[in-house]
Amino acid sequence: MTTTRLEKRFAALKDEDRRALVTFVTAGDPDLETSLEILTGLPGAGADIIELGMPFSDPMADGPAIQASSLRALNGGQNMIKTLAMVTSFRETDKETPIVLMGYYNPIYIYGVDRFLVDAKKAGVDGLIVVDLPPECDDELCIPSLAAGINFIRLATPTTDDKRLPAVLNNTSGFVYYVSITGITGTAAPDSGKVRQSVERIKRHTGLPVAVGFGVKTPEQARSLSQCADGVVVGSAFVDIVKNSLDSDGKATSDTAPKVLELVSALADGVRGTNIEAAE
Amino acid sequence: MSESVPNSYRNGPDERGHFGIYGGRFVAETLMPLILDLEQAYKDAKEDPSFQAEIDHLNTHYSGRPSPLYHAERLSDYFGGAQIWFKRDELNHTGSHKINNCIGQIQLAMRMGKKRIIAETGAGQHGVAVATVCARFGLPCVVYMGATDIERQKPNVFRMRLLGAEIKPVTSGTGTLKDAMNDALRDWVSNVDDTFYIIGTAAGPHPYPEMVRNFQAVIGTEARQQIQELAGKLPDALVACIGGGSNAIGLFHPFLDDKDVKIFGVEAGGHGIESGEHAASLNGGQPGVLHGNRTYLLQNEDGQINDAHSISAGLDYPGIGPEHSWLKDTGRVEYVSITDSEALDAFQLCTQQEGIIPALEPAHALAYVAKLAPTMKKDEIILMNLCGRGDKDVFAVAEHLGVEM
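If you're matching them up, the sequences are chains A and B in order.
With my numbering applied, the first sequence covers 4 to 283.
With my numbering applied, the second sequence covers 11 to 415.
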């Protein structure tokens, strides 16, 4: 596989001795136009890598905030074709920032795996995270993705023990997403001491960068977690901001995109602050 | 038929939990180690004679098995064709077949040293059965139930509370069975160390479809022996209702290789398949991936899951056990559907003709028997699973009939 945007981005960050801020937003939440405004604003606000959620009606591993954001997007008419079109639009102005599509398998399965990979590659998608495809299901999408030149990023969790870790890391590419809690997105806050140990454990098995997510909400948490990993993933916190910015009819307001991007900036400062502190 | 005829229909699933292309283990990584543990524990338990002996003992003395096989003579005369026999699983302790599975799974949970039980429920029959075995074995029990279902199944909600279960109302999605299953899975992901998830139907990630089927196969194993003793031959047709499909697979499985036995699964047709408001995944859905398995699902062209509709909360699920999907594609079982109003008619007919108030779920099966029996000869036999009693449904039925109570 040629070097992907993800690999280039992590290599560049390493050269700068900087950690990645990975931001998750749901495609089409609360509507296509606002969502695209957020998406295109993310790199300027300090996002190093973008995870774009493919909405699904039944996101079993996600908390209420992300489920609600998926439903807002779906009710607004979002679908896979529109999500891929958002990536195409984004690529018109940004050729560098990696985009990882994140979601569940069924919408991809129904779109058709081969067709999906062709269209995703063409749109400028760099990686996939598919929550309900563990390594036992690699032949479904993981191996075809790698063949299509798209990174397949796997989740490792606190329940992934040393015996299982090699199976999880096998065929993983781009980076490893460490789920810092046993639970659903946006609930408990991770304990940075435990996370540090877990990341070290994963790094004994792989040379890939490790990003940590699930439960990160504030710049302080982002700063503290960025000290023990190569990147920090934030999702539910943005989705909450979208929700709180809506008017009484559930429509986007002039606040929606700016407020999300404001938090991205604050988190980026948090993540970058790590190194200032370390240098002091 | 998309596949060649297998030597046996009873060998599934394969080691990875597949029935043809269906089944599998599509779960988040957090759950995968737990699923593998469960699979190993179930394998070990199957090889330990004391495990089955304990289940047999509880089935006999706690649940009241074997359930009778009953010749419904008046209904047979009324339909004027085949002889109708009911497998009376509504006479089990707790009033449905659900207890068969719960006795098995709670034994396994205790072998694994789990301290807390969670479950999802639709009609509340599974929830009641889980709450019952938790009370019996002294384990705390949390039942996820859609807010809509809590409203239409009040007697079962109160029954579960009496049994000591904590009911968690689910308001996400449409507040029905699929959403309850999402929330139960979320609970499991959050409480991985001490919690055992008792899934109520023969669906979900491997090994659940196989395990639930095996616990429910006691229905078919008994029925196969009973009908030969009582009628001197195997039945000509089997009929059972299908939501997730556990009572049906329990009845069907021991008969799958009896090639002269026709088998019919009856889905909930709601307001009719053409109305779009139904719960007939096999007749009105297409294969997809949800809740840990590949199976037929009600979904739109973007792969988003559609809401199911049925008068019966127990059939109101947009998916189906993966083994049924395979049995449909291989053509071994014929899947048909019955509307809400046809089921309501059958509910009343059974009550009036046989003095048995059936649950609305098997009333769907009976409504199909009403169509099938007149096409068959008088010396032919239809064996139907009467998988639940209707006490829980009398309020809902009264409302549909416009009766104030």
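Errors might be hidden in some of the hints.
[Claimed, not checked] Not everything, but these chain A residues come out facing chain B in the computed CB check (under 7 Å):
#1 Ser60
#2 Asp61
#3 Met63
#4 Ala64
#5 Asn78
#6 Asn82
#7 Tyr108
#8 Asn109
#9 Ile113
#10 Val116
#11 Val134
#12 Leu158
#13 Thr162
#14 Ile187
#15 Thr209
[Stated by the list, open to error] Derived lysine-lysine pairs resembling DSBU-like cross-links, with alpha carbons at most 30 Å apart:
#16 B/Lys178 to A/Lys220
#17 A/Lys98 to A/Lys125
#18 A/Lys85 to B/Lys56
#19 B/Lys178 to A/Lys166
#20 A/Lys166 to B/Lys56
#21 B/Lys124 to A/Lys197
#22 A/Lys197 to B/Lys125
Hints in this document: simulated from the structure, not taken from any laboratory.
Keep in mind that this is a model prediction, so the values were computed, not measured.
Each residue gets a CB set at the ideal place from its N, CA and C atoms; glycine is no exception.
Here's how the hints hold up against the structure:
no., hint, result
1, Ser60, "holds, 4 Å"
2, Asp61, "holds, 5 Å"
3, Met63, "holds, 5 Å"
4, Ala64, "holds, 4 Å"
5, Asn78, "violated, 11 Å"
6, Asn82, "holds, 4 Å"
7, Tyr108, "holds, 5 Å"
8, Asn109, "holds, 4 Å"
9, Ile113, "holds, 3 Å"
10, Val116, "violated, 11 Å"
11, Val134, "holds, 5 Å"
12, Leu158, "holds, 5 Å"
13, Thr162, "holds, 5 Å"
14, Ile187, "holds, 5 Å"
15, Thr209, "violated, 15 Å"
16, B/Lys178 to A/Lys220, "holds, 27 Å"
17, A/Lys98 to A/Lys125, "holds, 13 Å"
18, A/Lys85 to B/Lys56, "violated, 49 Å"
19, B/Lys178 to A/Lys166, "violated, 36 Å"
20, A/Lys166 to B/Lys56, "holds, 25 Å"
21, B/Lys124 to A/Lys197, "holds, 24 Å"
22, A/Lys197 to B/Lys125, "holds, 25 Å"
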